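Colleague: Following the hints, put chain S in place on chain Y, whose structure we already have.
Protein chains in written order, with the working numbering: chain Y, 1 to 210; chain S, 211 to 420.
What the hints contain is simulated information worked out from the structure, not anything from laboratory work.
With a cut-off of at most 25 angstroms between alpha-carbon atoms, the simulated SDA-like pairs for lysine to any residue come out as follows:
id, chain 1, residue 1, chain 2, residue 2
1, S, K228, S, D282
2, Y, K18, S, D344
3, Y, K62, S, G268
Interface residues of chain S toward chain Y, partial, derived using beta-carbon atoms under 8 angstroms:
id, residue
4, L259
5, V266
6, L288
7, N324
8, I325
9, L345
10, S363
11, A365
12, V369
13, L391
14, E393
15, L396
16, D397
17, Q404
18, Q410
19, R411
To spell it out: a stretch of chain S is covered by chain Y in this simulated footprint if at least three of its residues, at any positions, have a beta carbon under 8 angstroms from a beta carbon of chain Y; those stretches are:
id, region
20, 346 to 353
21, 356 to 362
As the structure is a computational prediction, the values presented were derived from the model and not from experiment.
Ideal Cβ positions, reconstructed from N, Cα and C, are used throughout, including at glycine.
Number of protein chains: 2
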Amino acid sequence: MRISELAAASGVPLPTVKFYLREGLLPPGDAIAVNQARYEESHLRRLRLIRALTEVGGLPLKSVNRVLEAIDDEHLPLHELLGVAHYALEPSAPADAGPMRDVVDALLDDLGWNINPEAPARRTLGRALATLSDLGRAVSPAVLRRYAEAADSLATAEVAAVPAEASRGEAVESVVVGTVLYEAVLDALRRLAQEHHSSQRFGHGAARTR
Amino acid sequence: MRISELAAASGVPLPTVKFYLREGLLPPGDAIAVNQARYEESHLRRLRLIRALTEVGGLPLKSVNRVLEAIDDEHLPLHELLGVAHYALEPSAPADAGPMRDVVDALLDDLGWNINPEAPARRTLGRALATLSDLGRAVSPAVLRRYAEAADSLATAEVAAVPAEASRGEAVESVVVGTVLYEAVLDALRRLAQEHHSSQRFGHGAARTR
Numbered sequence: 001m002r003i004s005e006l007a008a009a010s011g012v013p014l015p016t017v018k019f020y021l022r023e024g025l026l027p028p029g030d031a032i033a034v035n036q037a038r039y040e041e042s043h044l045r046r047l048r049l050i051r052a053l054t055e056v057g058g059l060p061l062k063s064v065n066r067v068l069e070a071i072d073d074e075h076l077p078l079h080e081l082l083g084v085a086h087y088a089l090e091p092s093a094p095a096d097a098g099p100m101r102d103v104v105d106a107l108l109d110d111l112g113w114n115i116n117p118e119a120p121a122r123r124t125l126g127r128a129l130a131t132l133s134d135l136g137r138a139v140s141p142a143v144l145r146r147y148a149e150a151a152d153s154l155a156t157a158e159v160a161a162v163p164a165e166a167s168r169g170e171a172v173e174s175v176v177v178g179t180v181l182y183e184a185v186l187d188a189l190r191r192l193a194q195e196h197h198s199s200q201r202f203g204h205g206a207a208r209t210r
Numbered sequence: 211m212r213i214s215e216l217a218a219a220s221g222v223p224l225p226t227v228k229f230y231l232r233e234g235l236l237p238p239g240d241a242i243a244v245n246q247a248r249y250e251e252s253h254l255r256r257l258r259l260i261r262a263l264t265e266v267g268g269l270p271l272k273s274v275n276r277v278l279e280a281i282d283d284e285h286l287p288l289h290e291l292l293g294v295a296h297y298a299l300e301p302s303a304p305a306d307a308g309p310m311r312d313v314v315d316a317l318l319d320d321l322g323w324n325i326n327p328e329a330p331a332r333r334t335l336g337r338a339l340a341t342l343s344d345l346g347r348a349v350s351p352a353v354l355r356r357y358a359e360a361a362d363s364l365a366t367a368e369v370a371a372v373p374a375e376a377s378r379g380e381a382v383e384s385v386v387v388g389t390v391l392y393e394a395v396l397d398a399l400r401r402l403a404q405e406h407h408s409s410q411r412f413g414h415g416a417a418r419t420r
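One chain only, chain Y, in its complex shape (with noise of 0.2 angstroms):
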């Protein structure tokens, strides 16, 4: 297809595909004459991605950048392709260990869950229960316990979904999606039942709350 094709059906405008052409993010097209060229079914899906993961997952074309650089590598291993996702996932990952890393680590062995030392999610939970903390809302264990129980299960559907036959740019596309895109989804639903337990609870009498 055309350019302005492929830009019409990815629903990502042409100077914005143009864009990402010159920025290597989106491999050029086969040349069918000066100043033409052809786009194929790849170039459709991969700016879908990138789309997904700038709009929906709110990634920085930084980040999108090292995402696909990692899909694209074929000697990565899938299971390292999920760390690099998990990375340009993260806010800047400082070098030292973070605040309550004792406490994650703690958790992560009770739960015996095989993770990186350096995964940078550990960094970010340890930053999220330092704070509140701080606030004087500390996590209790079977507060934490329960949050772990509720992402064990999710993950472990989640991982079992990328199908066993698929290629591998198919389950490297696959954990992306799903880290990025399901994460949008369960906040999304986690807000929502908020507001339907806070609309029982308060929601006729707040009044007397005050």
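Modeller: The following block gives chain S in isolation, referenced to the frame of chain Y:
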């Protein structure tokens, strides 16, 4: 305490504290001399809340400001405050209903959740579902239901955890902090659980999946 002590106790750099004062995110202290004011425990508490929302929640200052205004508005019923916090958390909410609104409405109806028709998370959820569908990964009703149940179980506990005898200020802070910070806890745990299950499935024989 003096402004320098306030900065030290909150972990917020002094120039940032001064900036928050100028911008009205932090109320002024009691003037005790020319160019000197005394700050209370309430200032420290507010600074910690701002820091939690910006650093861990990733909220832009404009959104933090909207949340703080809602907290300070004594006439706003508690339940509506949750709505303000949710609005502040969602990316800009356009006026249209967004994609896959029918699927979202049917799900919420089916779950029996009492949700404002204008709740921004409806749109966020529809957008995530539409994007997954565009990527050829439409979410099945059973999977969506599983996420909804996980969200429901967490939100039930979160809303129940707001102390019955809490003052309005405490209840409000509890709700806002719960929305923003427990989301960070949950997302981090989900990534860790994904890493664990991915390592179980792909860790040792990643090459085979290529």
